[in-house]
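Asker: Single-letter residue listing:
2 protein chains.
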Amino acid sequence: MRKQVDLFCVLSLFGAILKWLSVPLSVPFIYSIFGRENPLVFLIPIAVSLIAGLLLERLDSNPQLGLRETFLLVSLSWLGVALVGGLPYVLAGAGTVANPVNALFESMSGFTTTGATVMASISFGTHSPELMFWRQITQWLGGMGIIVLGIAILPRLSVGGSELIEAEAPGTQFDRITPRIVETARILWLLYVILTIILGILLYGSHLVGLSPQMDFYNAVAHALTTMPTGGFSPEAKSIAAFSSTVQWIIIPFMFMAGTNYALMWRAFTGSPRKLYRDTEFIFYSLILVFTTAIIFVMVSGNTFEKTQDAIRHSLFQVLTIVTTAGYASHDFNTWNSMAKTLLFMMMFIGGCAGSTGGGIKVFRWIVTIKMFFKQLFTTIYPRAVQSIRVGENIIKNKTARRVTIMILLYIVTFLIGALIIEIESYRIGLDLETLEIMSASAACIGNIGPGFGIVGPMNNYLAFSPLSKTVMVFLMWAGRLELFTLFVIFIPQYWRN
Amino acid sequence: MRKQVDLFCVLSLFGAILKWLSVPLSVPFIYSIFGRENPLVFLIPIAVSLIAGLLLERLDSNPQLGLRETFLLVSLSWLGVALVGGLPYVLAGAGTVANPVNALFESMSGFTTTGATVMASISFGTHSPELMFWRQITQWLGGMGIIVLGIAILPRLSVGGSELIEAEAPGTQFDRITPRIVETARILWLLYVILTIILGILLYGSHLVGLSPQMDFYNAVAHALTTMPTGGFSPEAKSIAAFSSTVQWIIIPFMFMAGTNYALMWRAFTGSPRKLYRDTEFIFYSLILVFTTAIIFVMVSGNTFEKTQDAIRHSLFQVLTIVTTAGYASHDFNTWNSMAKTLLFMMMFIGGCAGSTGGGIKVFRWIVTIKMFFKQLFTTIYPRAVQSIRVGENIIKNKTARRVTIMILLYIVTFLIGALIIEIESYRIGLDLETLEIMSASAACIGNIGPGFGIVGPMNNYLAFSPLSKTVMVFLMWAGRLELFTLFVIFIPQYWRN
Ligand SMILES: [K+]
Ligand SMILES: [K+]
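Just so you know, the sequences run in chain order A and B. As numbered in the UniProt record's numbering, residues 1 to 498 make up the first sequence, in order. As numbered in the UniProt record's numbering, residues 1 to 498 make up the second sequence, in order.
FYI, nobody ran anything at the bench for these hints, they're computed from the structure. Careful: at least some of the hints might be erroneous.
Pairs involving identical chains hold if they fit within one copy or between any two copies, as the list cannot separate such chains.
Stated by the list, open to error - Below are the SDA-like pairs computed for lysine to any residue, each with C-alpha atoms no more than 20 Å apart in a straight line: (1) K375 - Y495; (2) K371 - I395; (3) K375 - W496; (4) K375 - L67.
Everything numeric in this text was worked out from a predicted model, so none of it was measured.
Okay, chain A solo, but in the shape it has when bound (with noise of 0.2 Å):
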């Protein structure tokens, strides 16, 4: 072990990360120069990412990254891109977003897929078309992002169990070879890419065939860009809702698969579907959404929605957007009965699968607390018995339960100080929110699932809240999308010394 963490390696890598941020970039820049907003919004942003990332990359010829500096270079980077990729927002200068930490709010939760927004004004009378693209982009990349995470970083990391990620291409076992990782990493952007065209193909056909007027094509590609990601951020203030039922039915499956492991749905894709009934996480997850839909729709059906089929369509969305962290809308649940809401917020707490681009706990995590539980039961009657822990085929060490088990009380605990320091802020400031809101709130940032309750409901935003409460958001959404121990590490002096 090195004496020291290496300052130099880790930037370098940044900074070859950084100059390629330049690439998306591009795409809203080309936009600009035949539409309405400035070239330079991005052109400047352009710039930053190459001359930054090359002199960054230069600090380190031969980089060597251990353990350590791939905590620091993961956490870095998305706070680094997020950097970057909000510089249009403040360049643009338009509307409540061009606010430095409002632009960083934003852009972090574009990044990290969360998919809450500072903009008290989403319209192109604010905003320019090219500026609310970037917006989607931001998301897509963060999904890119995220697969490489789960695949190549988290399970090296052995983070919060998050080695027990599986995430093997067809025929091949996961291991730390890095061309295997490479290659699987290929194949899942592949099917991530593959999906957002079926996604937008599907988007736009139903517009040209008149089932969605308000699905033209830059809406069908901006929302392409941001449903696999779980992202969630909608050109539309009133994100689903503003189109037709068609629209919300094609989005469903989509939103469905984006919180499934990426890797299990490759190998369903190309000639496995019966893995899919022996993956222990996805039957959970298929269930849950079951059996919460039911609940939610006998709920508002016959009060808020009079039509059966509006009742079965907006439960079914509103469940899936919760728990794969995707936070669109189909209808501002915030008019739905407590009921229902309180069932809502707890489902905030699921999380998509392992391996998806979903944030929150995560399935697999629940289901080995669950294992935790009963193996707790039985040895409190057998101390001396030794019983180990299975999900499907796999044999849970116990030091990957117990990192489990720490991972969602560190969850909780964080989500809970999060709310704490927003409630405390939002007095201060005047600001009188209920415990939903402010629950939600916190739980909505580190879930990076966006929408909450009430004034950060599906139709509102987050500006109200003060720079602090913003920070501390933008802290919440990193962290979370991070696994929480990939960021916090870094913050316990033993990190730095030795």
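Add chain B with the ligands to chain A, keeping to what the hints say.
Answerer: Just chain B with the ligands now, with coordinates in the frame of chain A:
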């Protein structure tokens, strides 16, 4: 290990406990001879406890209590005592509590020192002073039971890290030899009795000197009986808000003591007050109280309370009542602003100190959890390092730490499942509840706190819920009081097999 659970042994020892219930039942019985209630209301339960107790005791002339039997004995005892102790409510036939499910709820709420009520009318117009006095006694008995549970039973059962509870009497090391445990229990019971008497004298004394006109002899005894067990029942509908500020100031230090480790308190009173400052849990407990009181004070002073002294008193009182799980009210905190309520709600998950009569998760478990966070962060960077956790002078074993984290998670999951069932059931019967109401009802039951927010607020009651919801709440109170595992193990199939 024996092949099957020795049911006769368990029932015999349960009988031995049950027959003793006739002694406290004689108090309201004698009272009723000179009073208003039909003496049969107490005579029948006395007969039931004596006859059933003596008959059950005969099932096994030489009961040998094994580990597995202990779990069943403890769980069965709390339920059985609650059932027989609830008979007077049914037999008195007055008010809402005469319904059998309600009577069980009220009785379980008493013996678990929860303090949640289903009495629609808390007044001598509806209920006799004798019956209301029995209600107070059930909590005092519950408190005695918890002291025995904490000293003699839980450490032996190694439930949820409870073996960490340091229950040593002065000069003695805690071990498993029965005479020592009996001696420790006697000492702590003595402390419990002495503090109850002192509180009673202080309360009645304040009445005699004219500082609390409402606090007559009956009320002084009644409230002395429910403070040290962190019970919270009151024969006054307005709880402690019915009394003068002097009474509230008298009760404050006794609630504080009720929430601390009784063994630590004994040592502090008998010559080693410095032990307090060296006890990590006590320091944490005190800091939490000071910190949260300060925040609540800021939030309620100037608006809810015009006078600073009122704001200080009520903030401190309510913080203590929630953290120690006493559940009294010096003011209807439902009228406080939602920020203060949110904070009080979060504090429902702290709980008293280990070895106190308080319920909930308990401070020592949170301390272990926080230490585990740092340990896990450390081992994330240095996977091969072996680091042990210390709390004060104690080194915590991995096994114990795991029990603690799993206990907290099981607590949270049980609370959420409870809330979910209560929510669905309430929806079914047309009761429209806010998130905070549902959540706090479940949290107040499993944490043995008593009142929650809204419909279950301190000036309200649990009557409106369906019988199924109330049964779930009875289960939550029961499970919470027995630190979950003690009760849950008897529900896994492996408990009954082998
Ligand atoms: K999202
Ligand atoms: K209580």
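Asker: Please name the hints from earlier in the document that this structure breaks, with their numbers sorted from lowest to highest.
Answerer: Going through the list in order, the structure violates no hint and respects every one.
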